[in-house]
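Those protein sequences? They're chains A and B, same order as listed.
Sequence positions in the first sequence follow numbering that gives the first Met the number 0 and run 0 to 239.
Sequence positions in the second sequence follow numbering that gives the first Met the number 0 and run 0 to 227.
Rather than coming from a laboratory, the hints here were simulated on the basis of the structure.
Ideal Cβ placement from N, Cα and C applies to all residues, glycine included.
A couple of the hints might just be wrong.
Stretch by stretch, here's where chain B covers chain A in the computed footprint (C-beta under 8 Å, at least three residues) [stated by the list, open to error]:
(1) 123-129
(2) 180-189
In silico lysine-lysine, BS3-like type, Cα no more than 25 Å apart, as pairs [as the list claims (entries may be wrong)]:
(3) A:Lys130 to B:Lys152
(4) B:Lys166 to A:Lys165
(5) A:Lys187 to A:Lys206
(6) A:Lys130 to B:Lys20
(7) A:Lys130 to A:Lys187
(8) A:Lys165 to A:Lys187
(9) A:Lys130 to B:Lys166
(10) A:Lys130 to B:Lys159
(11) B:Lys166 to B:Lys213
(12) B:Lys166 to A:Lys187
(13) B:Lys100 to B:Lys164
Counterexamples of contact, computed for chain B against chain A with all Cβ distances above 10 Å [to be verified]:
(14) Ala28
(15) Ile46
(16) Ile60
(17) Asp86
(18) Ser95
(19) Thr104
(20) Ala117
(21) Tyr127
(22) Glu141
(23) Pro155
(24) Asp156
(25) Asp195
(26) Asp199
(27) Gly212
The residues making up each chain are set out below.
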Amino acid sequence: MTATEESAEPAEDVAATDRAASRRRIWWPAALAAALALALGVPALVAGGTSASGTSSVSAPADDSPEAGFARDMSTHHQQAVDLSFIVRDRTSDESTRTLAFDIINTQANQRGMMMGWLDQWGLTQHSPAKPMAWMSMGGHGHGADYQAHDGSLMPGMATNTQLAKLRSLSGRDAEVFYLQLMLEHHKGGVEMAQGYVDMADNATEKRLAQSMVAGQTSEIGLITDMLQERGAAPGVPAS
Amino acid sequence: MGSASKQTQSNKSQGNKPSAKQASNDRRARIAELRAAEQRRDRRNKILAGSVAGVLVIAAIATGTWIVVDANKDKKAKEAAAAAPIDGVQTFGDLSRNHVKEKVTYPQTPPVGGDHNAIWLDCMGTVYDQPVENERAVHSLEHGAVWVTYNGKATPDDIKTLSEKVKATPYSLMSPYPDEQGTITLNAWSTQLTVDSASDPRVNQFFTKYVQGKQTQEPGASCTMGAM
Numbered sequence: 000m001t002a003t004e005e006s007a008e009p010a011e012d013v014a015a016t017d018r019a020a021s022r023r024r025i026w027w028p029a030a031l032a033a034a035l036a037l038a039l040g041v042p043a044l045v046a047g048g049t050s051a052s053g054t055s056s057v058s059a060p061a062d063d064s065p066e067a068g069f070a071r072d073m074s075t076h077h078q079q080a081v082d083l084s085f086i087v088r089d090r091t092s093d094e095s096t097r098t099l100a101f102d103i104i105n106t107q108a109n110q111r112g113m114m115m116g117w118l119d120q121w122g123l124t125q126h127s128p129a130k131p132m133a134w135m136s137m138g139g140h141g142h143g144a145d146y147q148a149h150d151g152s153l154m155p156g157m158a159t160n161t162q163l164a165k166l167r168s169l170s171g172r173d174a175e176v177f178y179l180q181l182m183l184e185h186h187k188g189g190v191e192m193a194q195g196y197v198d199m200a201d202n203a204t205e206k207r208l209a210q211s212m213v214a215g216q217t218s219e220i221g222l223i224t225d226m227l228q229e230r231g232a233a234p235g236v237p238a239s
Numbered sequence: 000m001g002s003a004s005k006q007t008q009s010n011k012s013q014g015n016k017p018s019a020k021q022a023s024n025d026r027r028a029r030i031a032e033l034r035a036a037e038q039r040r041d042r043r044n045k046i047l048a049g050s051v052a053g054v055l056v057i058a059a060i061a062t063g064t065w066i067v068v069d070a071n072k073d074k075k076a077k078e079a080a081a082a083a084p085i086d087g088v089q090t091f092g093d094l095s096r097n098h099v100k101e102k103v104t105y106p107q108t109p110p111v112g113g114d115h116n117a118i119w120l121d122c123m124g125t126v127y128d129q130p131v132e133n134e135r136a137v138h139s140l141e142h143g144a145v146w147v148t149y150n151g152k153a154t155p156d157d158i159k160t161l162s163e164k165v166k167a168t169p170y171s172l173m174s175p176y177p178d179e180q181g182t183i184t185l186n187a188w189s190t191q192l193t194v195d196s197a198s199d200p201r202v203n204q205f206f207t208k209y210v211q212g213k214q215t216q217e218p219g220a221s222c223t224m225g226a227m
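Whenever a hint applies, use it, and build me the whole structure from the sequences.
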């Protein structure tokens with residue numbers, strides 16, 4: 000055996016090893032990608048599976064979130080607007096007042112249903128032991144949470160039980176004027192709360208509804224102010 | 000066989016007298032041996048690397064899955080807290096819901112469901128000083144209200160605490176019920192809990208779970224007095 004022959008053999012081996020190594024270099028990134036896909040994909044499937052089969056999605060808001068708080072409190076606030084409007088429809092035959100009341104009943108009852116439906120989908124209760132509007136203090140709107148509930152008026156703008164009883168006792172123009180005065184304050188409180196949620200919203204669908212409340216009720220505040228003026232009445236609610 | 004022995008013989012004779020051809024054959028055999036060894040080593044390394052990679056991948060999947068499952072478990076626990084079973088709550092299954100004009104004899108005292116009057120009782124956080132009509136209160140329960148009742152054993156403090164709670168809670172009502180067994184009874188549709196004192200923590204739990212809760216027969220129905 001000569002020296003040249005001796006060196007020729009390892010040279011062949013080196014070439015073979017190089018080819019094998021380059022095959023391995025191609026193989027590894029693919030394997031790594033597959034491993035990553037599996038490592039991320041399997042848990043994602045597990046997460047996706049539970050959210051699809053469970054009653055709520057992984058991203059459901061927390062029980063003490065502004066999302067849940069606004070849905071609960073605005074539902075309560077809306078219910079009283081519906082009640083006030085039903086009362087006035089029974090107390091006057093004036094077309095413009097009855098039309099406004101009809102509009103408020105349908106809009107606010109339907110919006111209330113949307114908010115209650117979200118709470119249900121999020122697996123949260125409709126009622127919470129938290130104070131009304133406690134969620135607003137999270138966004139610096141502390142004044143809403145400081146409201147002193149009294150005689151059934153649980154949040155800013157809500158009428159008292161005494162005022163509801165008085166509306167039931169009035170008729171004709173007196174009922175219209177008192178309803179418009181109460182509804183004006185109710186909308187002001189409603190717009191403030193809805194804007195409070197818009198400013199801290201984390202849920203695009205709920206934020207959109209809150210924005211529509213701000214726009215819709217602000218516009219109705221203008222209409223109600225005009226209707227009071229037509230009846231020669233001042234906007235403020237008279238002390239009873 | 001004959002040719003094989005012949006071959007062996009010829010090999011032997013060649014072995015005795017090594018030639019260039021013989022050396023080349025030997026070298027090829029050695030190369031083949033080396034390559035086989037190399038391939039065996041390669042295969043062993045591949046199996047080893049594959050096993051290690053496999054174990055790593057399985058570990059990664061298991062860890063990821065565990066994190067997700069654990070997060071789901073936390074969420075379930077939180078949801079469960081919002082609607083967890085409350086000690087001592089009794090439920091009574093499906094109850095009838097017809098509107099009737101006559102008095103109804105109810106199996107529970109106070110009643111928690113069954114046929115009832117067409118006009119419900121105002122339950123927008125309404126506190127009644129006097130006993131109310133069973134048939135109308137049952138209709139309020141159908142709408143998702145919680146009805147608080149108490150007998151003569153309830154203290155003025157109990158009544159004050161419960162009144163304040165009810166007044167701040169739309170979809171609840173309260174009235175005395177002298178004939179009931181327990182001091183304070185919390186009633187929702189087909190659901191009942193008796194407590195001895197208004198300070199029992201289960202009072203708040205009952206409100207949270209059952210005010211317009213899952214037992215509500217007509218979700219979205221009104222608590223404002225039916226006759227306006």
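Results of checking the hints against the structure:
no. : hint                 : in the structure
1   : 123-129              : holds (count 6)
2   : 180-189              : violated (count 0)
3   : A:Lys130 to B:Lys152 : violated (30 Å)
4   : B:Lys166 to A:Lys165 : holds (19 Å)
5   : A:Lys187 to A:Lys206 : holds (18 Å)
6   : A:Lys130 to B:Lys20  : violated (101 Å)
7   : A:Lys130 to A:Lys187 : holds (20 Å)
8   : A:Lys165 to A:Lys187 : holds (21 Å)
9   : A:Lys130 to B:Lys166 : holds (13 Å)
10  : A:Lys130 to B:Lys159 : holds (18 Å)
11  : B:Lys166 to B:Lys213 : holds (22 Å)
12  : B:Lys166 to A:Lys187 : holds (23 Å)
13  : B:Lys100 to B:Lys164 : violated (32 Å)
14  : Ala28                : holds (12 Å)
15  : Ile46                : holds (14 Å)
16  : Ile60                : violated (5 Å)
17  : Asp86                : holds (17 Å)
18  : Ser95                : holds (25 Å)
19  : Thr104               : holds (31 Å)
20  : Ala117               : holds (17 Å)
21  : Tyr127               : holds (13 Å)
22  : Glu141               : holds (16 Å)
23  : Pro155               : holds (21 Å)
24  : Asp156               : holds (19 Å)
25  : Asp195               : holds (20 Å)
26  : Asp199               : holds (14 Å)
27  : Gly212               : violated (7 Å)
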